[in-house]
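J.: Here is what each chain is made of, one letter per residue.
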Amino acid sequence: MPITIEIVGTNEKSAFDKVFGYFQYIDEKFSTYKVNSEISRYNRGELKEDQFTQDLKEVFNLCDETKKLTNGYFEIRNPQGIIDPSGLVKGWAVNNAAKILMGLEYKNFYIDAGGDIQAEGLNEKRVPWQIGIRNPIDLNSIIKVLSISGMGVATSGTYIRGEHIYNPKNYQKISEIVSLTVIGKNIYEADRFATAAFAMGKEGIVYIENLKGFEGYMVDKNGLAVMTTGFEKYVHHYKNR
Amino acid sequence: MNKFLLTTAIIITFAFYAVNNKSLEIEPIAIVSGSTEINSSKEDENAPSTTKPNNNPVATKPVSAVNPVVKTNPVVVQEPPKTTSKGLYKDGQYTGTYVDAYYGFVQVQVVIEGGKLTDIIFLSYPNDRSTSREINARATVKLRAEAIQIQKASVDIVSGATETSFAFRESLGAALNQAKI
Chain E
1 MPITIEIVGT
11 NEKSAFDKVF
21 GYFQYIDEKF
31 STYKVNSEIS
41 RYNRGELKED
51 QFTQDLKEVF
61 NLCDETKKLT
71 NGYFEIRNPQ
81 GIIDPSGLVK
91 GWAVNNAAKI
101 LMGLEYKNFY
111 IDAGGDIQAE
121 GLNEKRVPWQ
131 IGIRNPIDLN
141 SIIKVLSISG
151 MGVATSGTYI
161 RGEHIYNPKN
171 YQKISEIVSL
181 TVIGKNIYEA
191 DRFATAAFAM
201 GKEGIVYIEN
211 LKGFEGYMVD
221 KNGLAVMTTG
231 FEKYVHHYKN
241 R
Chain U
1 MNKFLLTTAI
11 IITFAFYAVN
21 NKSLEIEPIA
31 IVSGSTEINS
41 SKEDENAPST
51 TKPNNNPVAT
61 KPVSAVNPVV
71 KTNPVVVQEP
81 PKTTSKGLYK
91 DGQYTGTYVD
101 AYYGFVQVQV
111 VIEGGKLTDI
121 IFLSYPNDRS
131 TSREINARAT
141 VKLRAEAIQI
151 QKASVDIVSG
161 ATETSFAFRE
171 SLGAALNQAK
181 I
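Note that the protein sequences, when read in sequence, are chains E and U.
Read in order, the letters of the first sequence correspond to residues 1 to 241 in the working numbering.
Read in order, the letters of the second sequence correspond to residues 1 to 181 in the working numbering.
With the rest of the complex left out, here is chain E (with noise of 0.2 Å):
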């Protein structure tokens, strides 16, 4: 997964090292790819409740209440019964590493982890970052173009190479809407949000609608897109010509 840093006026290597390391050490964490991370050593029963690390006790911690919180529909058990945390780690991530960015004084950046992008202040043409949403039908091209300063940007989708997410009420795939967009005070909570309301379907939309704070764009399988009644203010206009 590709991660971008840009960090308006300066070139401070220490300060991209700082947070590329951090995301190394998330990777390495809780990657359920690699054999010997934490989560894998989880899965496999190595370990005891007694020695899990600190980030991994809070993000099982921040899972259960995002489950309590979204009336199950987010749920870190895959239907092979492995349990991962990705849909909250990685929000949950690219937030503390702008918590880390902000510690050193850093107040125009945006670091986006694979499509979950947490904005801070102006770009370089001082003005709000200028966020695509990608076509979920067309992959090439964009369909709106937010205005974003000081919120997060996630988009839970299942058009990445065949991806499935089940509703975990009855393990069915979700087919009827592709992508969901959701705008909030921070990346870590517009990821957690997504996720869950990715797996309402077509209910998920209303979710986030009800949702103080939030804001969310739904695009269904046939490229009708439903939006939530904030979403509005984010979108920038622009004349097309």
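Only true hints are included.
Pairwise CB distance ranges, derived in the manner of DEER restraints:
(1) E:72 x U:144: 25 to 33 Å
(2) E:68 x U:144: 26 to 34 Å
(3) U:144 x E:48: 49 to 57 Å
(4) E:82 x U:144: 37 to 45 Å
Here are the simulated DSS-like cross-link-like pairs (lysine-lysine), alpha carbons at most 25 Å apart as the crow flies:
(5) E:233 x U:152
(6) E:233 x E:202
(7) E:221 x U:152
(8) E:185 x E:212
(9) E:233 x E:107
(10) E:233 x E:125
(11) U:152 x E:125
(12) E:107 x E:125
(13) E:107 x E:13
If you are wondering where the hints come from, they were derived from the structure by calculation, not from laboratory data.
Backbone N, C-alpha and C fix where the C-beta goes; we use that ideal spot for every residue, glycine too.
Please arrange chain U on chain E, whose structure you already have, making use of the hints.
T.: Below, chain U without anything else, positioned relative to chain E:
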């Protein structure tokens, strides 16, 4: 039972009205027809929206950098053909917005075949009628629907789904290590 029939009649009438009058709740959609394939086999994560032929990769290039500073290379999207939405309904399924049909939120999906409305599918059903009446402080909320439209714009970043699992590639990890030396 009668109330349900009445509701159904109202909703069907409404849907029919909307469909035929192109009013807002069920938008005429410039349509992606039913045969559209979702390109899920595309592996290309590195160039989400650029068509500039000789440009550097755009903002979402992978981290392999010796120089990790990422410049803002604008992402320019190729101009798409104009969408047609002159109120002609192409065959397919359209989802109407959520409408408070007096009893609660209802989503209506209409099916057009041969240019005609052939079916209406209720995707979420009205709340229990009696409770709705008692607690009917619910304001009408309509969620706007639209056909997606390709944007011709420069953006800094692209938000899209990637793998649902959080996984760096092995080579990525190695590249990061190299950059540290």
